[in-house]
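J.: Each chain, written out:
2 protein chains.
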Amino acid sequence: MPEASAKQEYLVGVDLGGTKILAGVFNQQLKCLGKVKTSTKALRGPDSVIDRIARCVEDAIDECDLKLEQVRGIGVGAPGAVDTASGKVIFAPNLPDWTDVPLKKILEKDLKLPVFLENDGNICTLGVHHVELDGKPKHMLGVFIGTGIGAGFILEGKLYSGFNKTAAEVGHMVLEVGGPKCGCGNRGCFEALAGRQAIYKKIQNAVKEGEKTVLTETLGQDLADLRSGDLRKALRRGDKLVERVIEEAAEYIGIGIANLVNLLSPEVIVLGGGVIDALEDEMMAIIVETAHDYALAGTDKGLEIIASKLGDDAGIYGAAVLAKRETK
Amino acid sequence: MPEASAKQEYLVGVDLGGTKILAGVFNQQLKCLGKVKTSTKALRGPDSVIDRIARCVEDAIDECDLKLEQVRGIGVGAPGAVDTASGKVIFAPNLPDWTDVPLKKILEKDLKLPVFLENDGNICTLGVHHVELDGKPKHMLGVFIGTGIGAGFILEGKLYSGFNKTAAEVGHMVLEVGGPKCGCGNRGCFEALAGRQAIYKKIQNAVKEGEKTVLTETLGQDLADLRSGDLRKALRRGDKLVERVIEEAAEYIGIGIANLVNLLSPEVIVLGGGVIDALEDEMMAIIVETAHDYALAGTDKGLEIIASKLGDDAGIYGAAVLAKRETK
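Note that the protein sequences, when read in sequence, are chains A and B. Under this note's numbering, the letters of the first sequence match residues 1 to 328, in that order. Under this note's numbering, the letters of the second sequence match residues 1 to 328, in that order.
There may be inaccurate statements among the hints.
[As the list claims (entries may be wrong)] Restricting the straight-line Cα-Cα distance to at most 25 Å, the calculated cross-link-like pairs of lysine-lysine (BS3-like) are:
(1) K158/B - K136/A
(2) K138/A - K158/A
(3) K7/B - K165/A
(4) K105/B - K7/B
[Claimed, not checked] Just so you have them, the derived chain B footprint on chain A, three or more residues with Cβ under 8 Å:
(5) 164-172
(6) 248-262
(7) 265-271
(8) 299-305
The hints are simulated quantities; they were obtained by calculation from the structure and are not laboratory data. Each residue gets a CB set at the ideal place from its N, CA and C atoms; glycine is no exception.
With these hints in hand, go ahead and build the complete structure from the sequences.
T.: Here it is as structure tokens:
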């Protein structure tokens, strides 16, 4: 591994997702100088995906008129269980065949730069904590509502990962025993009640059962190409079905948040992810009210529940924070 | 406050509960030399209860043929939210009129000895961690199933209490949205599904609806004096109703435990409390199986889920550990 020299002053943050790879280039003040997005093509398998990560990093650096040699380190957030010490992705539900993949080792060989790996929920939380909250709250939770529900916990000022390094799997906290089936095989998980797929499925099922929605006007009866943005538009047109489903999801999110408050007594909870980014105005008030309703008296004193402003960029910011810390 | 001298080598641990006060005297090796139990008489209010704590401590010391002057410090576990720094009980749901009670200050004045306060779930967890597990696991959770459900979290080797010092309120984690009403005002809390009161209520309701159980033979149709020990006896006589209710409670406990595993990735979870003490043989296998079923793959690798052997004494042991640490 090359030693960092005075010239190597830039950092790269990578957000590896099931459908897209995002790479951002940052200076030491963690200002984003430029970013590049590419599709993951997860079905092609780990080797091909790692190639695409390397190319995405190179493209982002080139986009900023920089050279690889000017980069000090690369942080990567991966969607699954990771071993941060060895830099392996142990298991990633949305990346086929990713079992014990030595991502750090391969990328370091390809790019000749130090690479640091973290779980994506943790990395987004790190980004929000450091960039949006100036690293101040000692106890902060990040909860990201997208296709699934991910999270990261900052406890006593540090990312908490626990014995198996798998902590903060909030998406599979059971909120409703016997509730809807989840991808993990259980029933009633947070993710199966309030994740994007859960929301879509509820609307699609209601349409099948004859309920009316403006969504079918543009998307047809099967609503195959539904996106979070369509839901926002439907809400603004006063669509009753979408309104009800989004309200229910926001209530479940509020209850999930309250469980975390009762268990961990955080100072700040930051919500993010595609669903929140698209529907913040429609969901946040319900989420906050429900969370305070369900939090035990005294546990939510002074608690702030806010939506992140980093949006889709929380991951690359957090990955850059990680790279900066590890190359100091 | 008197300085600790060489002669002051004993410690007292107090477990203040809603119905009883237990005080134990310990040597520096945390061997229990003797203990005394008295009723709390909570309805008489804080002043009277604190008097009773002081008397219980004096009786326990006398029982061991010791004098107050030989005691180095007193640890107290209280059933509610406590401010450990000021030594105040902020709020205790099972102790009427206990709001911002300066328990440490009053007891120190009465007994002329240093007093240290902690929440009871935390103190029991500390006792189990230190005395039963030699303080080894870095990430350990204690979950105590009694009238309510209390807990304590050892994270990164230390008791975790969070921003409002209220962490580990597992009893009010919602497991079943819209489920049975809980004392806290919400529905579907862990405690309302699997605490002692929940178990009793389920059996009593079933009897009202005409179901048969051997319990009515000795306790009458209203089952007013039901105790955990009666349930064990009924199970040994093959009582189908009690068997079903206890199985259901054990499954809920398993699901609650799995939520904690998914969120906190502990190495060891220790179960205790009156319900587990009385029904360990009948419940633990179901709890352990359900918890592993619901824990996400990878989060429960190497995880141990065990029943505490300290029983009712976890609180006084933990309180003695606290007193020892604080008077070092």
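J.: Please write out, lowest number first, the hints stated earlier that are contradicted by the structure.
T.: When the structure is compared with the hints, only number 3 turns out to be violated.
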